[in-house]
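Protein chains in written order, with the numbering used here: chain E, 1 to 341; chain G, 1001 to 1341; chain S, 2001 to 2341; chain X, 3001 to 3341.
These aren't lab readings, by the way, just hints derived from the structure by calculation.
Chain G residues, not near chain X, derived (Cβ > 12 Å throughout):
{"no.": "1", "residue": "THR1047"}
{"no.": "2", "residue": "TRP1070"}
{"no.": "3", "residue": "LEU1086"}
{"no.": "4", "residue": "PRO1090"}
{"no.": "5", "residue": "SER1197"}
{"no.": "6", "residue": "ASP1210"}
{"no.": "7", "residue": "MET1212"}
{"no.": "8", "residue": "SER1280"}
{"no.": "9", "residue": "ALA1281"}
{"no.": "10", "residue": "GLU1294"}
{"no.": "11", "residue": "SER1296"}
{"no.": "12", "residue": "GLY1298"}
{"no.": "13", "residue": "ASP1321"}
{"no.": "14", "residue": "HIS1324"}
Label pairs and their in silico Cβ distance ranges:
{"no.": "15", "chain 1": "S", "residue 1": "ALA2281", "chain 2": "G", "residue 2": "LYS1148", "range": "33 to 39 Å"}
{"no.": "16", "chain 1": "X", "residue 1": "GLU3294", "chain 2": "S", "residue 2": "ARG2211", "range": "44 to 50 Å"}
{"no.": "17", "chain 1": "G", "residue 1": "TRP1055", "chain 2": "E", "residue 2": "SER178", "range": "53 to 59 Å"}
{"no.": "18", "chain 1": "S", "residue 1": "ALA2281", "chain 2": "G", "residue 2": "GLU1066", "range": "32 to 38 Å"}
{"no.": "19", "chain 1": "G", "residue 1": "SER1178", "chain 2": "X", "residue 2": "HIS3329", "range": "51 to 57 Å"}
{"no.": "20", "chain 1": "E", "residue 1": "ALA281", "chain 2": "X", "residue 2": "THR3270", "range": "31 to 37 Å"}
{"no.": "21", "chain 1": "S", "residue 1": "GLU2177", "chain 2": "X", "residue 2": "SER3325", "range": "26 to 32 Å"}
Where a beta carbon is used, it is the ideal one built from N, C-alpha and C, also for glycine.
Number of protein chains: 4
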Amino acid sequence: ENEEKKTETDTNRCKGEHQSSIEKSDYEILYRKPPSKIRLEWDSRPTKIYVIKKWHDDTATKSLAELSKWLMDERSITVYADKDALKDLPQLSNIEELEDASHHIDLILCLGGDGTVLHACSLFEENVPPIVAFNFGSMGFLTPFEFKRYKEDLNSVLEGQCYAKIRLRLECSVVDESGNTTQTHQVFNEVVLDRGSSPYLSSLNCYCDDRMITNVQADGVIVATATGSTAYSLSAGGSLIHPQLPAMLFTPICPHSLSFRPVVMPASVTLKIEVPSDSSASAFVSFDGRHRTELSKGMSVSIKVSNWPVPTVVRTMEIGDWFHSLAVHLNWNQRVQQKSK
Amino acid sequence: ENEEKKTETDTNRCKGEHQSSIEKSDYEILYRKPPSKIRLEWDSRPTKIYVIKKWHDDTATKSLAELSKWLMDERSITVYADKDALKDLPQLSNIEELEDASHHIDLILCLGGDGTVLHACSLFEENVPPIVAFNFGSMGFLTPFEFKRYKEDLNSVLEGQCYAKIRLRLECSVVDESGNTTQTHQVFNEVVLDRGSSPYLSSLNCYCDDRMITNVQADGVIVATATGSTAYSLSAGGSLIHPQLPAMLFTPICPHSLSFRPVVMPASVTLKIEVPSDSSASAFVSFDGRHRTELSKGMSVSIKVSNWPVPTVVRTMEIGDWFHSLAVHLNWNQRVQQKSK
Amino acid sequence: ENEEKKTETDTNRCKGEHQSSIEKSDYEILYRKPPSKIRLEWDSRPTKIYVIKKWHDDTATKSLAELSKWLMDERSITVYADKDALKDLPQLSNIEELEDASHHIDLILCLGGDGTVLHACSLFEENVPPIVAFNFGSMGFLTPFEFKRYKEDLNSVLEGQCYAKIRLRLECSVVDESGNTTQTHQVFNEVVLDRGSSPYLSSLNCYCDDRMITNVQADGVIVATATGSTAYSLSAGGSLIHPQLPAMLFTPICPHSLSFRPVVMPASVTLKIEVPSDSSASAFVSFDGRHRTELSKGMSVSIKVSNWPVPTVVRTMEIGDWFHSLAVHLNWNQRVQQKSK
Amino acid sequence: ENEEKKTETDTNRCKGEHQSSIEKSDYEILYRKPPSKIRLEWDSRPTKIYVIKKWHDDTATKSLAELSKWLMDERSITVYADKDALKDLPQLSNIEELEDASHHIDLILCLGGDGTVLHACSLFEENVPPIVAFNFGSMGFLTPFEFKRYKEDLNSVLEGQCYAKIRLRLECSVVDESGNTTQTHQVFNEVVLDRGSSPYLSSLNCYCDDRMITNVQADGVIVATATGSTAYSLSAGGSLIHPQLPAMLFTPICPHSLSFRPVVMPASVTLKIEVPSDSSASAFVSFDGRHRTELSKGMSVSIKVSNWPVPTVVRTMEIGDWFHSLAVHLNWNQRVQQKSK
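So here's chain E without its partners, still in its complex pose (with noise of 0.2 Å):
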């Protein structure tokens, strides 16, 4: 029964004279429903928290401690900071040294901006725990929570009273010559193929599923989740993806052919993108701007959507609150108006 209801669902009818509408299935899951809500919920009451600052900026680091030492004193939490934020903080003896970024930690707390949520993720290759950021920093698509009125927030956050955003990553693979795997990582923002110091376009070729899609003479490719629409693909032209979007953007850098526009793909695919056998140079590619490996001769990068999401605490869930903050962060309405055409 339950292998037939499955069939059912991969293979909707679609029938002619008598059928009244697409019959519901997942038609209703993916386009009439909002993306879907993820509520909080501790078996346990967390006790292992992880902090995170921004560098180099006192109002973080003099926030942190406070923040801390509440943490500490007020809920007895165990707070975990990484060597450098605790040089900052020499007051508070009790924080541990964060060693490992393996699976005890219960709850991340960013303080900064949107590249300190970007480098708190970038420590967990597998499960990320939820994480609450505080904006300490100008660009806020990442970070929805207000420092002065932590204490109320994260009481919410640590009694389970709040939701999460998932957001996806990419599990990218770095495959050589021969098929075989020699790195594999998890991309937040994009992962990026380009040229490097070549004074050749680089010579890419793309594939999805496995099947040549086209070769692209660029500067590079940017393969970016909906979250890094707003960065690096937006600037080499790039739409503005939904978060809540089951998407991947493939984005070229300054393409040769000019009607190479930025394509955005299920997240259902697998891409892949590799230096030809009989390129006139090789490639690079890096991951959230780290681990730049360079690409030789008939090498490839494999991307696919990973098994390991983040999911970001927000304050809303509303779809148009997004879409309102690039109006802000964009600045939208800040060129004058002009009186004629």
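Following the hints, complete the assembly by docking chains G, S and X onto the known chain E.
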């Protein structure tokens, strides 16, 4: 019990320490599963087929005559066509005129380009029968079948041995100053608001799920389906969107604010675009290029995913096919390689 | 002798072995010399000044009253204004109404934004008096003077102690099917051909010096001056052009062909844009947003540099100033720096 | 007297009431006259010709052999080629090897694509002999001649019966932290500053005639000639610039600020692009894709129009030809017309 299940779907749990991963849920459907396949399944043999052809194209006319004859003589199908097509086919007196695009049509056959498919859809405001489109034009995003194989392919379709892709439509309602809906249309490609003959940029207030997002100063605004992403939205700078993605595109046309980039939204939202009551000019709206209507101050257009999508019969379900067809149709590999940067 | 010199200018020699460099000629003027400075030089004291102000702006109105009084009382100038401005200045009964923008005006003073300067120019189809523009708006590409220093700055201007920049206008003629010119307008920013309310893309034939170049399928076409490069052309994707460059910009609006990029042409060419006689729709033309006219099939617009440029009085002649003002007006340094690519 | 004339040229008068128009001056040369024609005029018969061909192209090699034989046997010309070309032409033992691109070459013949012309120019840091370019590649912006007519065309050239277009080069100097110039190169297409392998956006200070304009956060910056506007700058979003326009293009590559659009400057300016002394990374510079050099903090590149332009022999002087060739090379009429907007 049902209630509880629903709650869990809506608010999945995202747990701390003991959590091994985001729990299986819509996550799987949204992100990991390929967009659903729909098998064409007939409760009874299809008996009524509507045929439509490109205007002023002799090859299409001749082919339509051959095809109709075969359907009637060999397959005992009742064939319908519109008045104009009938004039071109005087020899086939037993084709019926399609007077009313009601529920009795089982299947649509298109002989033309993408425009012919667009026209066919426009005749069915509600339930659209499955469409089999033969390519007699040069753009073939929507026309996968070749006429020379028509007997083989149609036999498969009539026996239910084929798959369809569901393509979204948008339901667009014109709302007057008093909040009354005065028109409703289904669009397959896009709804466009523009300034018409006004010398002033249009000033449009944009709402997402009733939240005011921003005021757009521009020549106009396009809200497109993924299907429409290869049409007008592309010329206005929008990205290309895979038709299986549950998305709407919001593309400003020549916006005054240079940072106002196209935005891809989940298909679950309702957008509203309004001519402000203090606007210096009215705006115009058109639906797939038709039903052009002036919007005076205070009027708006409300846009959401339609209950009446379009099932298009496909030769293959592979996602990469669409991506590859972009490369072909847009001549990505056409411009000649240059030596140096 | 004169004749010979002219010939040499036209056909400079470019010699082989014995040539030390391209011989001095127009080459120097065109490429090596900064764009010419024009000193404002009065044969006799200026006595008639036309003042113009932004609509519905109390500060501009009050300032205009103060300025006009000073000009009349202290500098014995006859001040002219248009009818609407006079209504706002009932206390100044001795301001004359400008009935006819003929040759008798010595100087124009603008109190407003760039739109006010645009409007002032539009009143003078032929010779435009020098314009001194005070910034009362937010865009200041054309309005370099601050009102608080008006006495000091105007004393300099009236004594001929200042420089002007020459800004080109384009002379645009509407030509009917029989080849007769039916209208001629001077544009300061741009001439726009668009499709108006037509659901079809406009199809326009483009000629350069009577040579057919291409057919453009687009929402329309902008031909802009360098001055106009910061206005509508910019929203349509055109580059920014320094106003001293002897150039015209041809910018397609949302062209169907994705490789159709804006083109910058020498100011010496004559462009003609024609609605083909087999076009499925007419087009519309407007001149700096005014005089909107329908172009039926076979009609065209002819565009060349005008004999009647606009001298705008400037505070400084440095080319870098314009470039810097772009950075300020377009908020180039506004968006926040992000950490990684 | 001469002095006074010069002054008047620099500071033309712009008078009020009595002025009938801007006085004739550079205005005529800049705006009204077509870009100058240069007639190729030989003081003595050209005797030394340098031939260059596309690499690894058998047709070009065979044609070069035929052409060289004709030049030597029929026209008594001494033919020079570079070492690599000589290896491909063992049968022509009397071709000289070009060891030193000094002043003795009268004419250059190119058999290849635009890249071959680019390479030929790069061999002549100062005076460039006139170039006749035969099209053996696919891009022909710089290669107007067809080989099958070579005898007829070269006879005209050798007799001085032809015209040349002057194409600007830019003189680019690398300046170190102490203000010393360490390298100088002539570029025909563009000079590019980029971030190389740095994960950070390059941060570059831009100066125009020693005035600080803005800091650019981007992948890099292109400063191109009009000739180079059809190359890399085009992929980065720059407009197409007619080669006779006295202009430089400043095109940012994927700028962080979305409003930072390409800027066209008069050829008379000097641009300086500097790696700030507090930059977090160095940058790289390359000149027509060559001489790649790292720029550490405090270093800069100074860019101005070169004293050593490139005379390219043309078949026609019409400005429209270039515009038309854009339409052909960029496939403006290739994408298929769609029915509705």
